[in-house]
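Number of protein chains: 2
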Amino acid sequence: MTFKHITSRDNSLFKQLKKLADNARERRKNNETLLDGVHLLQAYMEQFGLPKLLVIAEGESTNEVVGLLQELADVPTIMFTTLMFAELSPVATPTGILALVDIPQLPVPEQADFALMLEDIQDPGNLGSMLRSAAAAGVDAVYLSQGCTDAWSPKALRGGQGAQFVVPIVERADLAAISQAFAGQTLATTLDGESLYGLDLSQPTAFVIGNEGAGLSPALVAAASHNVSIPMAGQVESLNAAAATAVCLFERSRQKMAQG
Amino acid sequence: MTFKHITSRDNSLFKQLKKLADNARERRKNNETLLDGVHLLQAYMEQFGLPKLLVIAEGESTNEVVGLLQELADVPTIMFTTLMFAELSPVATPTGILALVDIPQLPVPEQADFALMLEDIQDPGNLGSMLRSAAAAGVDAVYLSQGCTDAWSPKALRGGQGAQFVVPIVERADLAAISQAFAGQTLATTLDGESLYGLDLSQPTAFVIGNEGAGLSPALVAAASHNVSIPMAGQVESLNAAAATAVCLFERSRQKMAQG
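Chains as they are written, first to last, in our numbering: chain A, 1 to 260; chain B, 1 to 260.
One or more hints might be untrue.
Note that identical chains are pooled: a pair holds if it fits in a single copy or bridges any two copies.
As the list claims (entries may be wrong) - DSSO-like, lysine-lysine: derived pairs with alpha carbons at most 30 Å apart: (1) Lys256 / Lys18; (2) Lys256 / Lys19; (3) Lys29 / Lys52; (4) Lys52 / Lys155; (5) Lys256 / Lys52; (6) Lys15 / Lys256; (7) Lys52 / Lys18; (8) Lys19 / Lys155; (9) Lys4 / Lys256; (10) Lys256 / Lys29.
No lab work stands behind these hints: they were computed from the structure. Owing to the predicted nature of the structure, the values given are computational and were not obtained by experimental measurement.
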């Protein structure tokens, strides 16, 4: 296999991809993002087919990458220097393959039975973990406030491990309006709410989770039908926001399964 | 207040603190680490008293930092340039205060009722989140394999939000031996185990959690009394390791509370 080999950082395609890697506005404007690594690309292709472009690093490729390149021989492929490639990758040890894809928009159900609303989550790893938990727990739709970090950044995609391709995500959502329109209970997670375990979660349920440091805004607490807390037995009184999200979502899963 | 003001990166104290910030071996050798920010320092002081040294950045200090400096007027305090301070801090937006402390060793109960064993966790943020969940769920002891990232690194401390000061942590532990000696059930989390929800978790219980990518080693799976999985309703089949840990630990909490 031979590929177009680009070694100059002045190359216009490199500059464009670097903007996509670094800049949420650029990703939104073009409706494109970069997927890093074989696993994410395969998860994407299972749902949406071929990527628009593949990028590899010069030097050695793993057999996994070589196999994928053979399988995707019809997709335009370019090669960057190792250093240029590393500038596009969100991880310290780059995986050796990046793919340019359109950001997919999965259809959002009109009446979600199980929703997750996230207010102003700052850390892309946390957001990725929350989306991954949502996808695993069977959430129907995730709504992100204007102030949330971008769900399609390379770091959030890495944290999501493919969750972004299976769970519908609505960005820049008006969470108060969505909370009030939700046809079911909306549960705002706070430090002084009702016990999560005392609520019947088998009915249509939306969890509303706040910023890592500040928690939920008063407006969203007020818009919710209940405030809920995870009872804590230990000496530390709060959880990482992504850990708390997982506990809430899977408590609903558990209750639904217990009902049969 | 006036402080010793250090502006040279050649300063021996700066060089020593930089080693502590960057290097697990150095932290272990000296049994010292750096705490970043008012919150962590306060959590430390609640348990262990004063730090050995305070470090602040030149320029403006927040009122929170100024208040703490007044309260801790007897603790030696030095001031570094903003850039030097930033080199010691694990966060992009430094908090403006660092504290040098001895790494505490909390007594480990001889017979833990609720334990967590972590094998080769790589990401310090994940490890911090797991320790925070353990502290919140009332875990008695956390055992870390030789291959785990350092629990006392600035990033792991930041993720733990004070958990390291309340839950006993045993590093470089032989998890297979501890698992076999544990006086209760040891539950290895895998993708094909029994349902977490079908087990009686009210008895003495240890959860064994594996590396983020590779999962648990066969040796630890074999050493456990059960393999357990979190049933997943969605299209994604695994959780972030820290999210899975939270779900497991809080399912035990829930069962214990349900028993009264």
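Each hint tested on the structure:
1. Lys256 / Lys18: neither (44 Å within a copy, 51 Å between copies)
2. Lys256 / Lys19: Neither way: Lys256 and Lys19 sit 44 Å apart in one copy and 51 Å across, limit 30 Å.
3. Lys29 / Lys52: So Lys29 and Lys52 pass the 30 Å test inside one copy only (17 Å; across, 51 Å).
4. Lys52 / Lys155: Classified as within: same-chain Cα gap 20 Å, cross-chain 37 Å, threshold 30 Å.
5. Lys256 / Lys52: Classified as neither: same-chain Cα gap 40 Å, cross-chain 52 Å, threshold 30 Å.
6. Lys15 / Lys256: neither (49 Å within a copy, 56 Å between copies)
7. Lys52 / Lys18: within (16 Å within a copy, 44 Å between copies)
8. Lys19 / Lys155: For Lys19 and Lys155, the Cα distance is within 30 Å both inside one copy (15 Å) and across copies (28 Å).
9. Lys4 / Lys256: neither (53 Å within a copy, 61 Å between copies)
10. Lys256 / Lys29: neither (40 Å within a copy, 51 Å between copies)
Violated hints for the displayed structure, listed by number in ascending order: 1, 2, 5, 6, 9 and 10.
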